[in-house]
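Enquirer: Taking the hints into account, I'd like the entire structure generated from these sequences.
Okay, here's what each chain looks like letter by letter:
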Amino acid sequence: MATKKMLYLNRRAPYGSVYALESLEVVLIGAAFEQDVSLAFIDDGVFQLLKGQNTTAVGMKNFSPTYKALGDYDVRKIYVEKESLEARGLSREDLLDLTYEDENEGYAEKDSIQVVSRTDMAGIIEQNDVVFSF
Amino acid sequence: MSVLHTVNKSPFERNGLESCLRYVKKGSSVLLIEDGVYGALAGSASSNAVKGAMANVTVYALEADVLARGIKGKLMDGVKLVDYAGFVDLVTKHDTTSAWL
Numbered sequence: 001m002a003t004k005k006m007l008y009l010n011r012r013a014p015y016g017s018v019y020a021l022e023s024l025e026v027v028l029i030g031a032a033f034e035q036d037v038s039l040a041f042i043d044d045g046v047f048q049l050l051k052g053q054n055t056t057a058v059g060m061k062n063f064s065p066t067y068k069a070l071g072d073y074d075v076r077k078i079y080v081e082k083e084s085l086e087a088r089g090l091s092r093e094d095l096l097d098l099t100y101e102d103e104n105e106g107y108a109e110k111d112s113i114q115v116v117s118r119t120d121m122a123g124i125i126e127q128n129d130v131v132f133s134f
Numbered sequence: 001m002s003v004l005h006t007v008n009k010s011p012f013e014r015n016g017l018e019s020c021l022r023y024v025k026k027g028s029s030v031l032l033i034e035d036g037v038y039g040a041l042a043g044s045a046s047s048n049a050v051k052g053a054m055a056n057v058t059v060y061a062l063e064a065d066v067l068a069r070g071i072k073g074k075l076m077d078g079v080k081l082v083d084y085a086g087f088v089d090l091v092t093k094h095d096t097t098s099a100w101l
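First to last, the protein sequences are chains A and B.
Going by the numbering used here, the first sequence opens with residue 1, and the numbers climb by one from there.
Going by the numbering used here, the second sequence opens with residue 1, and the numbers climb by one from there.
Hints in this document: simulated from the structure, not taken from any laboratory.
Hints should not be assumed to be uniformly reliable.
When the alpha-carbon atoms are kept at most 16 Å apart in a straight line, the in silico EDC-like pairs for lysine to aspartate or glutamate are as follows [stated by the list, open to error]: (1) B/K26 to B/D83; (2) A/K68 to A/D111; (3) A/K51 to A/E93; (4) A/K5 to A/E126; (5) B/K72 to A/D94; (6) A/K68 to A/E105; (7) B/K74 to A/E101; (8) B/K80 to B/E63; (9) B/K74 to A/E86; (10) B/K74 to A/E93; (11) A/K5 to A/D129; (12) A/K5 to A/E34.
Expert: In C-alpha cells, the structure reads:
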C-alpha cells in the first residue's frame, strides 16, 4: 500500500461537542496503518491541548492524557497555529508536553508540538494528500 | 426585571456572547457555561467586550466547565465562579432566564 500524507485538521474545543474525541480516536485507529500522519490544531482546536484539564465535576471523560500516547503510535508532527493561540490569550507554555523517541538519535525524547504561523499552516495543509476535518 | 443570560458557545466560534452583551441591562447577570466559559479568558480577543459589560452586569462562570477545560488560572479578574447549586441560585434570584444558544 502506498503511503499517503494524511492531515487531521482540528478546529473544535473539547467537551462542548464530540469532534475532538472522535478525531483522536480516528487518529489512533489510523496510526495502525502506518501512514504519514500529521495533526494540526487551529481555531478552538488549540484548546484540546491545554494542560490541567480536570473533568471530575462535569462527569465526562478527560481524554487529554491520551494525546501523550501519540508519540508511541509514531505520530510525531503536531502543528499548533500561533495566531489561534494568541487570539485566545494562550502560548506554548499552556500546552501539554507531547514527545516522541527519535530512533536515529539514541531514542532521545523530542517535542512533537511545533507552533507555526498561519502562513506555514496554509502550506502544511497544501502538502498533504488527504485532509480529515474535525 | 432582572435577567440571567446564559451563554454556552465559544466566543471564538459563535457570536452568542457578543450578541448577548449587546442586550444586557444593568442589574442583570451573565453566566458562562459549557464552551461559553472560554469567554472568561484573560487577554483574549473577546476579553475587552466582557470587561466592558462588567461595568453593568456581573459575569459568572460555571466552575465545573472551567476546570474541565483547564482554564481556571487564566480567567479575567472579576469573573465569579459558581457550582451547580450556585447556577440554580442564580436562576431563582433573577426574574427570568435567557439562553443564548
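Enquirer: The structure should be examined with respect to each hint, and the outcome stated for every one.
Expert: Results of checking the hints against the structure:
1. B/K26 to B/D83: violated (24 Å)
2. A/K68 to A/D111: holds (11 Å)
3. A/K51 to A/E93: With Cα atoms ~9 Å apart, A/K51 and A/E93 stay inside 16 Å; holds.
4. A/K5 to A/E126: holds (11 Å)
5. B/K72 to A/D94: holds (12 Å)
6. A/K68 to A/E105: Since the Cα atoms of A/K68 and A/E105 sit roughly 20 Å apart, the hinted pair is violated (cutoff 16 Å).
7. B/K74 to A/E101: violated (32 Å)
8. B/K80 to B/E63: Satisfied, since the Cα-Cα distance of roughly 9 Å is no more than 16 Å.
9. B/K74 to A/E86: holds (13 Å)
10. B/K74 to A/E93: Holds, at roughly 12 Å.
11. A/K5 to A/D129: holds (5 Å)
12. A/K5 to A/E34: Between A/K5 and A/E34 the Cα gap is close to 10 Å, so the pair holds against 16 Å.
Hint check: violations occur at hints 1, 6, 7; the rest are consistent with the structure.
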